[in-house]
Amino acid sequence: MTDVVATNQTILVVGGGISGMTAAIESAECGKDVILVERNPSLGGRVSQLYRYFPKLCKPSCGQEINQRRIMAHPRVRVLTMTEVDKIEGEAGNYSVTLKTAPRYVNEKCTACGDCAEAISAEVDDPHNFNMKKHKAAYLPTNMAAPQRYVLDPSIIGTEDAEKARAACKYDAIDLDMQEESLSLNVGAVIWATGFKPYDAAKIQPYGYDRFDNVVTNMEFERMMDPFGPTGGKLLRPSDGKEAKKIAFIQCAGSRDRNHLKHCSRFCCMASLKQTTYLTEAYGDDDDASATIYYIDIRAIDRFEDFYQKVKDDKKVSFIKSKVANITQDRESKNPILHGVNTEGYHRYDDEYDLVVLAVGMDPEVKADEIGCKVAANTSGFIDAHADDAGCGIFGAGCATDALDVNRAVQNSTAASLKAIQVINKTAGAEA
Amino acid sequence: MSNTAMVKKYRNDFLREVEEKVEEGDWVRMCMQCGVCAGSCPLGDAWEHPPQEIFMMIRAGKREEVLGSDSMWMCTSCYNCIVRCPRELPITHIMHGLANYAHRLGLAPKANPTRRFAKIFWDNIATSGRVNELKLSLGLYFMDGFGNGIKKALAMKDVGLGLLKTGRLDPMGLFKAGGIKDKSGLQKALKKAREIEDTRKGY
Ligand SMILES: Cc1cc2nc3c(=O)[nH]c(=O)nc-3n(C[C@H](O)[C@H](O)[C@H](O)COP(=O)(O)OP(=O)(O)OC[C@H]3O[C@@H](n4cnc5c(N)ncnc54)[C@H](O)[C@@H]3O)c2cc1C
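Chains as they are written, first to last, in our numbering: chain P, 973 to 1404; chain R, 5 to 207.
No wet-lab data here; the hints were simulated from the structure.
Bear in mind the structure is a predicted one, so any value in this text is a computation, not a measurement.
Treat the hints loosely; a few may be bogus.
Derived, one-sided and incomplete: chain P residues facing chain R with beta-carbon distance under 7 Å [claimed, not checked]:
| hint | residue |
| --- | --- |
| 1 | R1228 |
| 2 | R1230 |
| 3 | K1295 |
| 4 | A1297 |
| 5 | V1313 |
| 6 | T1315 |
Using C-beta positions, here's what the derived DEER-type ranges look like [as the list claims (entries may be wrong)]:
| hint | chain 1 | residue 1 | chain 2 | residue 2 | range |
| --- | --- | --- | --- | --- | --- |
| 7 | R | V163 | P | E1342 | 55 to 61 Å |
| 8 | R | E68 | P | D1285 | 39 to 45 Å |
| 9 | R | R33 | P | K1169 | 30 to 36 Å |
| 10 | R | G166 | P | A1174 | 41 to 47 Å |
| 11 | P | K1339 | R | N16 | 40 to 46 Å |
| 12 | P | K1339 | R | G166 | 52 to 58 Å |
| 13 | R | D30 | P | A1174 | 33 to 39 Å |
| 14 | P | P1099 | R | E68 | 58 to 64 Å |
| 15 | R | R33 | P | E1342 | 33 to 39 Å |
| 16 | P | E1324 | R | R33 | 32 to 38 Å |
| 17 | R | G206 | P | E1324 | 50 to 56 Å |
| 18 | P | Q1281 | R | V87 | 32 to 38 Å |
Idealized CB from N, CA, C, for every residue including glycine.
Make the full structure from the sequences, and use the hints.
Here you go:
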């Protein structure tokens, strides 16, 4: 790690999701040196947890692989995984930053052969799958992981399993003596791209996410469709493992609600519309499969109206204009029952489903006012990209600045990259 | 139709009236018609028009239908709707505000039991400063005539006896003056409060 060199001509990118990767590669391809730090053991962020992404419904591996290759191959980008910013001080053109890197216990000799995982028995929760599944304590974070390198869970260090893993490695890649490392750097500008976290569904008390097995979040639903996910790519009910065919989607679960998130999270209407197509994928034209979307109004923002129209034409899909009041559960079947009033005609309903998907919105992963150094927060805690940032060389990118879909997050990150480059160029000009 | 006639036809005077005259009425325009209040109301079907429909009717200028409706008299102040409203509208208070406004204008449904109870309750407490349970319940039983009153009182006699036994009902309440010390002070305060409200709301 001692070979990390940085100067006030370097741009630090914090967060290695689609936004951070974009900002890093754009800056590097403009000739700037970049250090990209990511807290997880792999790049990719939340996009790597999706099954498909709208509007084209391709698998995330598609866009992501290209970006990861560009980054890994670029001589000007240095990627540090399992790393967080501990402290940041200074001003535009001159920041001192302290980074902290957690031990991975696996070095760069790893070939991702998997022998270490084979050799051990301990299992731990898999956060990539929202803990709906466990994986071995020696693991590859995802199939698409970049870098393609295993990780040892700290819980097995000092146990027999750790020794077994080391013994099984043919490449001398396991280093059980690794320690947390701290690194101090000087950089000229910072791009903050720490993204979002799904709003905590348990806080929406009337929906009973914490009480009812068959109420899941939209993110969990994405994982269920993934062949490598917790249900092997099948839409199975958490309560009894039976196939869920009659599925309800509740929009604005937390968003546009002053008791929860003040903002519209923008992507969730499209995400649910997209997820109705998963039913066709799973069940073909099985008449028993149906999706019902409960909504206040459908916001297929921007160019996505045609996507909405297409879903509307699908006979399996119906729409009910209503914010669901509450959910109860049938004791025997564990079926969730939705209660509310359809505002088109003011009809009361008590509708029973196999599975309910809450379209939860976005909270910032790191609150803007916790970053320091004059970074301004908007009313929802995202970085306020429009605030008077005179003198501030820290620029938000992607979902750290607002609830955005990939398309907008990427545009936004390119803009952040340009702002950072300007700071670097000014600093260089002043010194010349 | 001439332009001014059209403007007149579509100008919604009723929304403005509600905003100006009804307690918390200025919130009505904030409703986004999500329906969570209607779905959360435990009285559910008892309403002819659930809150979000009332708000829409106000915006549509349906003055007679709204003020003559008994819907807002159905509210039991459970506050479920306030707690869940994504825009934090004080729905319970708006319902009471509308009911009160309709009552003052003499447009509220005359026979509505909630309205009549509210009136008896108010007269009871405003005279003495304390609720006299016996006077209140008798007033309520006999509001539909003597015969009916006896019937109702008999039906409720077990509850009444229970209250008596536990000292919650004073059998001599009918004859005692009771109430707070400074009754005229209270009445002055209430009169003043009413004056202030009337000036504020421009009655
Ligand atoms: C259910 C669901 C479905 C969706 N479907 C679609 C879709 O079909 N199409 C579409 O366009 N969009 C979709 N989206 C939106 C999409 O996921 C986001 O637009 C995208 O993930 C934003 O990328 P990002 O890089 O800004 O943030 P993230 O993906 O959140 O990445 C942030 C990265 O920063 C890292 N990080 C966080 N904190 C720190 C820290 N302190 N230090 C270092 N690193 C840190 C994280 O580990 C992560 O890798 C969907 C979202 C959800 C929830």
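**Asked** Should the hint that K1339 (chain P) and G166 (chain R) are 52 to 58 Å apart at their CB atoms be regarded as holding?
**Response** holds (56 Å)
**Request:** Please verify that hint: R1228 (chain P), Cβ, nearest Cβ of chain R, below 7 Å or not.
**Result:** holds (6 Å)
**Request:** Could you say whether the range 30 to 36 Å given as a hint is met by the Cβ separation of R33 (chain R) and K1169 (chain P)?
**Result:** Given a distance of about 34 Å, which is inside 30 to 36 Å, the answer is holds.
**Message:** Given a cut of 7 Å on the nearest C-beta pair, is the interface hint for T1315 (chain P) held or broken against chain R?
**Reply:** holds (4 Å)
**Request:** Starting from the range 41 to 47 Å, see whether the pair G166 (chain R) and A1174 (chain P) falls in it by beta-carbon distance.
**Result:** holds (42 Å)
**Status of the given 58 to 64 Å range, CB of E68 (chain R) versus CB of P1099 (chain P)** = 60 Å Cβ-Cβ, so the 58 to 64 Å window holds.
**Verdict for V163 (chain R), E1342 (chain P) (Cβ pair) under range 55 to 61 Å** = For V163 (chain R) and E1342 (chain P) the Cβ distance comes to about 58 Å; the hint holds.
**Asked** Quick one: are K1339 (chain P) and N16 (chain R) within 40 to 46 Å, going by C-beta?
**Response** The hint (40 to 46 Å, Cβ to Cβ) holds, given that K1339 (chain P) and N16 (chain R) are roughly 42 Å apart.
**Request:** Go ahead and decide if the range 32 to 38 Å is satisfied by the Cβ distance of Q1281 (chain P) to V87 (chain R).
**Result:** holds (36 Å)
**Message:** Quick check on K1295 (chain P) please, does its C-beta sit within 7 Å of some C-beta on chain R?
**Reply:** Constraint on K1295 (chain P) satisfied, holds at 4 Å.
**Prompt:** Can the suggested window of 50 to 56 Å be confirmed for the beta-carbon pair G206 (chain R) and E1324 (chain P)?
**Reply:** Since G206 (chain R) and E1324 (chain P) have Cβ atoms about 51 Å apart, the given range 50 to 56 Å holds.
**Prompt:** Per the CB criterion, is A1297 (chain P) less than 7 Å away from chain R?
**Reply:** holds (3 Å)
In this structure, every one of the numbered hints holds.
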